[in-house]
Structure formats: structure tokens, C-alpha cells
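> If you want the building blocks of each chain, they are given just below.
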Amino acid sequence: MKMRMREAIVSALADEMRSDPTVILLGEDIAGAGGPFKTSDGLLDEFGPMRVRDTPISEMGFTGAAVGASALGLRPVVEIMFMEFLGVALDQLVTEAAKFRYLSAGQISCPLVVRASIGAGLGFGSQHSQTLENWVTSTPGLKVVTVSSPQSAYDLMRSAIRDPDPVIVLEPRVLYADRSEVETGDHRIGKLGVAHLAQIGEDLTIVAMGQTVNIAVRGTQQAGVSADIIDLRTLAPWDRETVFNSVKKTGRLVVIEEAPESGGWGSQIVSAVTENQFRDLKSPTVRITTPNVPVPYGKKLESKFLPSPDEVAHTLSEFLETGNVPAPWWVREGYVQ
Amino acid sequence: MSTVLKSTETAIQRREALARGAKQQFERMIEIRTIEAVVNDLFAAGSIHGTTHLCVGQEALDVGIALALRPTDMVTATYRSHGIALALGMTPLEVMGEIMGKDVGCTDGVGGSMHLCDMSVGLLPTFAIVGAGYPVAAGAALAFQTLGQDSVALAMAGDGSTNIGAFHESLNLAAIWKLPVIFVVDNNVYGEYSRIDTTTPIEDLYLRAASFDIPGIVVDGMDVTAVEAVVRQAADRARRCEGPTLIEAKTYRFSGHSRADQAPYRPVGELESWQQRDPIKLMSEKLVNEGVLTSDQVLQITESTRESISELVAGLEALPEPEYSAMFNNVWTTEKVT
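For the protein sequence lines, the chains are A and B, in the order given.
Going by the working numbering, the residue at position 55 of the first sequence is 55; the numbering climbs one at a time, nothing skipped.
Count along the second sequence starting at 1, add 337, and that's the number in the working numbering.
Since the hints were made in silico from the structure, they are not lab data.
Where is the CB? At the ideal position from N, CA and C, for every residue including glycine.
Any given hint might turn out to be false.
Listed below are the simulated SDA-like cross-link pairs for lysine to any residue, each with C-alpha atoms no more than 20 Å apart in a straight line [stated by the list, open to error]:
(1) Lys515/B / Met50/A
(2) Lys249/A / Glu275/A
(3) Lys623/B / Val668/B
(4) Lys515/B / Ser126/A
(5) Lys515/B / Lys2/A
(6) Lys618/B / Tyr602/B
(7) Lys515/B / Glu275/A
(8) Lys515/B / Glu183/A
(9) Lys300/A / Arg51/A
(10) Lys515/B / Gly48/A
(11) Lys2/A / Ser126/A
(12) Lys191/A / Ala547/B
(13) Lys515/B / Asp54/A
(14) Lys191/A / Thr670/B
(15) Lys515/B / Asp557/B
(16) Lys515/B / Pro56/A
(17) Lys191/A / Val668/B
Not everything, but these chain A residues come out facing chain B in the computed CB check (under 10 Å) [stated by the list, open to error]:
(18) Thr55
(19) Gln92
(20) Gly106
(21) Val194
(22) Leu197
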């Protein structure tokens, strides 16, 4: 049936809660109010206040509580309203949850899920619009997932809850209202760490994630370029095999990131591909990112800040024509040297 | 493997032994004190690398807590946890083995002095981040409450931890949800290198319970029986679903903060004055006065413990370092992931 992405998330949470009584939800305004983005709408009514708990504005407290609860038999799903709010709780995820298995010699693990809304595009300003996945991707012991559509949100949420390790599920806020066909059911549960080939093509490989998957699709259409578009889905651990196989076929790699150029997750993809497939590459690798500035508020500014279909089309066309890495718009247009 | 490296008793048996009486409790306190002395010497001599945080002077608190809890209750503790680990029942082999980085240690030598764990006696992996154990204990209690189990969680941390957000967030969460959890603040007067009165506007930390509308209790942390009584009272309350308790145990850190710190900042005479209230001295006097032990027996316990720990350490020193493969285990549950 057709669902908005937020409804697909509710549906995934509900299906997991029905099949496993140890799944509980914690977060700010998730119970009575059904979640600030309506991603837990109706779950309080079905599962009651013991399993759907409104928390104080206290991310360190309730994220830490999820760590302890997960070590002692629950499967908590924590909602972090905006990814930035995880900043005050990062210790519990990075330094505690990710180490519990290691520092207990395997006696316990933390099967918890932290969901966070991410990204720009809705005018939330500099402190509510970042993706920040690189806060958590360099921590062995954590898995990091980004959803890109109603179906992927359903599939990945259920898979993340079933996963025995701590998983962070990042949800691009701009996609919550996207509506498309969603198949539900246990058969949608899979293994994390598997990328999805969103489009098949010949000339180049595009690796995208979250809202840049749709941007990549539109950008290639606009440029008339035939590309493999890989929706990476899991950033830690990421699916090397799918990326390597595609680059082997196309010989060209473009990564589209909704993150500042500096320290972005695409660097890691590019580095692995050049290390392993230097001789398969016909051209240098390309990263399309945001500029190294905070997310600006004004609609005109924010639209320019995000990788756009126009920018993707321009970059791909120039890249295929010249074989060189095109300058990003902020250099081309003279804002940054 | 030499015989000293084979534990004859399991952690759970050692835990049960503690309940047999004052003599066993005294022996455990001596064991903790002896191990800390040996650890201090090994680090000072450079035989073990890294750092360590000793709990000398706080043995009564550790043993009192262990006495009041069941092995199915869960404890979160800090980087100063050799004492609580031994008190809860962990064997000198798994504790010393870990401190010395050997694979017979409780976490196969990947954890070290600050990271001890044995779920069979309820010790969650100890926390090297100040205050981090508070929310985790609240979460363990949340699991007990949600699953309808009558276990309790207990978080131990130092006086310095009452100024970190995790303390306040956890007490708040525990209070509104009436979680079966006990927060024990070990007020040993110093937070790292700073005296409590330079970092905290109040002297009595149990008063902080008031803002969460939960009971705040102060106890003499140098007295095993007193500690046991208040922790038991808090645990009973928690098991009756009446919610959390904050306990402040007044103790004193006889050592510096860590290996590198000889505590030169201490006012002259402060340590000596607290040594008059040394929990081991107080307990041995009490046991001798009550006729439970003779002075000779006290000496004998001290001497035989020293011998057995020395023998254990010699055996551990002879062991090789763990295989490199040890560092790759237990990062993930299902598989190795790159």
C-alpha cells in the first residue's frame, strides 16, 4: 500500500513491537503526541505507557538508559528528535554502548536502536539541519544506517531492531512526507550492510545516501547520463562489494554527500576504491558535497547549499566530457578560492 | 598452567561466602587492600603499563554493597573498581589477570585496570567516564521494571560525578519512572586532583536527592555493617516498586587519583586523621573486641593473603601476553565487520 515515509516507520515499529514484547520506545513527545514528526503515531494506544515512554528533555539520561536496558534484555528504540541533540548523549553511544561487548568479553551486547532525524531542506537553520553521520561512523561496534524512501525506512528499521548490535538509523527529515508503495511483512527484514542498486546504468557509478539518492536520480535524468546509482544505506559497515563491482563495470566513481566536504563519508568510499581499483578507474574520483559552512537558513541559501539536481547534472556532464574533476559551485562562482 | 592460576572458587561461590559472617567480610577487605598494594607496586615499578586508580580506604563500602545485593542485581561502577569487583565475588585471578593484561583476565586482557566485568555476579563493564554508569544503571532498572523482575540496579560513582549532567538526568529519570535503582555516591573528598569543597557548593551530597523528591541517606562508608544496612533498605524499597534512593557514603581516598598522582595537594595531617578511621583498622578492632578473631589471627589472615596474592602475581607474570587475535574478538555480535 502507499505510505508516507513517517507512516512506514510507524508500521515498522509496530510490527516489531507486535512480534517482540521486549521492544520498547523512548523519546521526547513520542507517546501522547505521537512524535514530533509523527513517527510513533498511535503506538501508545496499542502498546501502552510501559512500552512507549515519553522522556524528559534529557538525551544523555534516556540514551544511557537504553544502553543499560539493552544489556539486560530489552530492545529499546530511542528517538533523537534532531541528530544534533545526540551531541549531549554521544558518550553513551560511542563510548559505552559500542564498547560493552568488547569490555565484557562477549558476556553482553547492546541491541539498541537510536533513530535520529537529519538533514537540510526544511528551513530549520544551522543547529537543526546537519546530517552528522561522521560523528558515529568511526566507532567500531556501532552500525550506521541512513534511509532514503518509505520502503527502505520500513525494511531498515525492522532489520535494525533485529540486529544484535547497537544501530543508529538516520532519517532525512525532508523525506518524512514522501509517499510511495510500501510492502510490509517479515520477508522485508534483512541484513544490514547491504547497499541497494537504485538505478542501473553504464557510464559511471554514483554512490548516494539518504536524500541524495533522489537528487542523483534527477541529476542523471537531467544530464541524460547512464549511471549505476547505489543507495549505500549502511555506512558502517558499508557494502564494498556492490560499490567495487559497479566501479569495475563503469570505471568512474562519483559520490554525492549531504555533508560538508571536509571529513565527509564519501572520502572513505573514494579512498577504498582508489586503493583497490586504481587500474579499473578511467578518471579521477569525484565528490559532490556541501560547502564547508554551517547550514544556512534562508530558502534561497539553503537550496543552493544542498547538492541539487542542477549541480549534479552540471558536474556529471563536465566530468564525462573532460575526464577531470569539475570545481564545485562555490569555487566556480568565486565564493571560495 | 600452575595451580595458582586455577581458581578453586567461582565468583558466585565467593559472593555467597561473604554472607557467612564478619570474618569472611574482613578477609575480603584484607584481600582488596592487599591487591591494591600489589597493584600500586607493580605500576610504580613499571611492570604494568597504563594507569590505575586505587580504592584503598574504601573497602568497607565495597563489601557492604556486595552484602546487601543479590548476585542477580546489577552494579555499575567506575575506573576505581578493583574493590567492588572483588567484593561482588570476582576472583583475584580474573581481576589481577585483567589488570596485568593477560588473557586469563575477565575481559581477556583487552580491558585493563579500568574495565572489569563479570555478569555472573552482576558487575556491568566498569566505566572510565565519570558519571556514565548512572544512566546505564537506570536503564538496567528500566529493564527489570518492564520485564517484571524483582532485581535492582545500583550505580556507584565518586563525589565528583554529582556535578556531571548524567547524575542529574539519571536521578530525574529514575524518580519520574520509579525505577528500582540505588545511586551510591562514594564521597571520598577528592574528584581527581580537586578537593570537593573547591568544586561543589554543598558539603553533604545526599541533599541533592531533595530536588528529585527521593530519599537521600548519608552513611559512614568506613563501616561495613552500616553500609549494608542502608543499601539493603534502599534495595527493599526499590523491590517494593517505591523507586530510587540516593546514598552518600562518607569515605576517604587514601591514595592519589591515579598512578601518576601522589596527592601533594592534601592538607597536612588530613590523611593521617582519616587513617584513624581506616575501615580495616576499625573492623579488626571490632572483631578482636567481640572475640570473633584474636590479634594473632588478624595477622595471620593478613600474612596468608599477602602470600597467596604474591604467588598469584608471580604466576601471572610468567604468562605470555595475549595473542593478537584477542583484539579482534567481541567488537560485533554476529561477525567481524570492517
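> None of the hints should be skipped; say for each whether it holds.
Results for each hint:
Distance hint between Lys515/B and Met50/A is fulfilled; the C-alpha atoms sit about 12 Å from each other, no more than 20 Å. A hinted pair counts as satisfied when its Cα atoms are at most 20 Å apart, and Lys249/A with Glu275/A qualifies at roughly 17 Å. Simply put, Lys623/B and Val668/B have alpha-carbon atoms about 48 Å apart, too far for the 20 Å limit, and the pair is violated. Between Lys515/B and Ser126/A the CA atoms are separated by roughly 37 Å; this puts the pair beyond 20 Å, and the hint is violated.
Straight-line distance between C-alpha atoms of Lys515/B and Lys2/A comes to about 41 Å, which puts the hinted pair past the 20 Å bound. Proximity of Lys618/B to Tyr602/B is assessed by CA-CA distance (about 25 Å); at most 20 Å being required, the pair is judged violated. A threshold of 20 Å between alpha carbons decides the hint, and for Lys515/B with Glu275/A the separation of about 55 Å lies outside it, so the pair is violated. Between Lys515/B and Glu183/A the alpha-carbon distance is near 40 Å, which puts this suggested pair outside the 20 Å criterion.
Restraint check: the Cα-Cα separation between Lys300/A and Arg51/A comes to about 42 Å, which exceeds 20 Å; the hinted pair is violated. In summary, the hint linking Lys515/B to Gly48/A is supported, as the alpha carbons are separated by about 17 Å, within the 20 Å threshold. Distance hint between Lys2/A and Ser126/A is unfulfilled; the C-alpha atoms sit about 33 Å from each other, more than 20 Å. With a C-alpha separation of about 48 Å, the suggested pair Lys191/A and Ala547/B falls outside the 20 Å cut-off, and the hint is violated.
For the given pair, Lys515/B sits about 14 Å from Asp54/A by alpha-carbon distance, which is consistent with the 20 Å threshold. Taking the CA atoms of Lys191/A and Thr670/B, the gap is about 13 Å. The hint holds against a cut of 20 Å. For the suggested pair Lys515/B and Asp557/B, the alpha carbons sit about 26 Å apart, so the restraint of at most 20 Å is broken. About 14 Å separates the Cα atoms of Lys515/B and Pro56/A, which keeps this hinted pair within 20 Å; it holds.
Under the criterion of a C-alpha separation no larger than 20 Å, the hint pairing Lys191/A with Val668/B is consistent with the structure, at around 17 Å. Using the Cβ-Cβ criterion of 10 Å, the hint placing Thr55/A at the interface with chain B is satisfied: the shortest such distance is roughly 7 Å. Using the Cβ-Cβ criterion of 10 Å, the hint placing Gln92/A at the interface with chain B is satisfied: the shortest such distance is roughly 6 Å. The closest approach between the C-beta of Gly106/A and any C-beta of chain B is roughly 4 Å, which is under the 10 Å cut-off, so the hint is satisfied.
Hint status for Val194/A relative to chain B: violated, with the closest Cβ pair at about 12 Å, above 10 Å. The restraint placing Leu197/A at the interface with chain B is violated, with a minimum CB-CB distance near 21 Å, outside the 10 Å limit.
The structure does not agree with the numbered hints 3, 4, 5, 6, 7, 8, 9, 11, 12, 15, 21, 22 stated previously, though it agrees with the rest.
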